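Asker: Chain by chain, the residues:
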Amino acid sequence: MVAHARADHPDEACGVIAGPSGTDRPERFIPMRNAARSPTFYEFDSGDLFALYRELDERDEAPVVIYHSHTATEAHPSRTDIALAGEPDAHYVLISTRETGTEDGPFELRSFRIVDGVVSEEPVRIGGTFE
Amino acid sequence: MPVEVRVPTILRPLTGGAKVVTAKGETLAAVVADLDGSYPGIGERLLDDSGLRRFVNVYINDEDVRFLAGLQTEVADQDSITILPAVAGG
Chain A
1 MVAHARADHP
11 DEACGVIAGP
21 SGTDRPERFI
31 PMRNAARSPT
41 FYEFDSGDLF
51 ALYRELDERD
61 EAPVVIYHSH
71 TATEAHPSRT
81 DIALAGEPDA
91 HYVLISTRET
101 GTEDGPFELR
111 SFRIVDGVVS
121 EEPVRIGGTF
131 E
Chain B
1 MPVEVRVPTI
11 LRPLTGGAKV
21 VTAKGETLAA
31 VVADLDGSYP
41 GIGERLLDDS
51 GLRRFVNVYI
61 NDEDVRFLAG
71 LQTEVADQDS
81 ITILPAVAGG
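Residue numbers (the numbering used here), protein chains in the order written: chain A, 1 to 131; chain B, 1 to 90.
Check before you lean on any hint, since a few could be wrong.
Claimed, not checked - A few chain A residues that face chain B, going by a derived Cβ cut-off under 8 Å, partial list only:
{"no.": "1", "residue": "Thr-40"}
{"no.": "2", "residue": "Phe-41"}
{"no.": "3", "residue": "Tyr-42"}
{"no.": "4", "residue": "Glu-43"}
{"no.": "5", "residue": "Leu-49"}
{"no.": "6", "residue": "Phe-50"}
{"no.": "7", "residue": "Tyr-53"}
{"no.": "8", "residue": "Glu-74"}
{"no.": "9", "residue": "Ser-78"}
{"no.": "10", "residue": "Pro-88"}
{"no.": "11", "residue": "Asp-89"}
{"no.": "12", "residue": "His-91"}
Quick caveat, the hints were computed from the structure, so don't treat them as lab data. Just so you know, these numbers come straight off a predicted model, no measurement behind them. We put the beta carbon where it would ideally sit given N, CA and C, even for glycine.
Construct all of the structure, not just a fragment, from the sequences and the given hints.
Answerer: If you want it as structure tokens, here you go:
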């Protein structure tokens, strides 16, 4: 996710990590195109969105993580992110590339649930296994 | 003329949890009206004063209705309609 965010900087990058339905385990990384190609907005292309959901359905998977980057602001959902959040079961991961742009270095990555307009942050642990 | 409508997670509280429901109508507008009759409130989640909401995508079979005739798109027996919230933000 961080590499994708850096590669697309200064535009916002976006994508999904899918996992088996009902497990809440993000296992399959699926970078998506930002059809808006914008530094301040992202949107999955509508055809790509349909194909993605059909594939998830066929594989009995869910979009466990929905991620996108902010390229000039903090890694926190914007008002637009909150208004448009349409997957109550997903973990919304925000990555900010404001400090380093396309370069390596420290990064901000935070995760949130967004349900009915209410945002709650959750801890992120990066490791090799699920516990 | 029943058609199958696939309902996204966020609207399933309105369909009693059902992921796939059936509806009737010869156009998408009529199907939405029929859906709203069966599942009150769903119409408002799909439409605003100007028509289909900007961040709601509706597909007939695998075509986004925005590239067809929008709400006036004709719906045929056995078509499959899919509703997906846009994945978008700022």
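Asker: Is the shortest C-beta separation between Thr-40/A and chain B less than 8 Å?
Answerer: Nearest chain B Cβ about 6 Å off; hint holds.
Asker: With a cut-off of 8 Å on the beta carbons, see whether Glu-74/A makes it to chain B.
Answerer: 13 Å, violated
Asker: Should the hint that Leu-49/A touches chain B count as held when the rule is a Cβ pair under 8 Å?
Answerer: 6 Å, holds
Asker: Can Glu-43/A be said to touch chain B, with a Cβ gap under 8 Å?
Answerer: Glu-43/A check passes; min Cβ-Cβ to chain B is 4 Å, inside 8 Å.
Asker: Can we keep the Tyr-53/A interface hint, with Cβ of chain B closer than 8 Å?
Answerer: 6 Å, holds
Asker: Identify whether the interface hint at Pro-88/A stands, where standing means a beta carbon of chain B within less than 8 Å of its own.
Answerer: 6 Å, holds
Asker: Would you settle whether the hint for Phe-41/A is holds or violated, based on the nearest Cβ-Cβ distance to chain B being less than 8 Å?
Answerer: 5 Å, holds
Asker: If you take the shortest Cβ to Cβ gap from Tyr-42/A to chain B, is it below 8 Å?
Answerer: 6 Å, holds
Asker: Return the status of the interface hint for Phe-50/A: holds when the least beta-carbon distance to chain B is below 8 Å, violated otherwise.
Answerer: Holds - the Cβ of Phe-50/A comes within 8 Å of chain B, reaching about 5 Å at its closest.
Asker: Asp-89/A was flagged as interface toward chain B. Is the shortest Cβ-Cβ separation under 8 Å?
Answerer: 6 Å, holds
Asker: So, Ser-78/A near chain B? Judge it on the closest CB pair being under 8 Å.
Answerer: 4 Å, holds
Asker: Have a go at the His-91/A hint: is there a Cβ in chain B nearer than 8 Å to its own Cβ?
Answerer: His-91/A check fails; min Cβ-Cβ to chain B is 13 Å, beyond 8 Å.
This entry does not satisfy hints 8, 12, going by the numbered hints stated previously.
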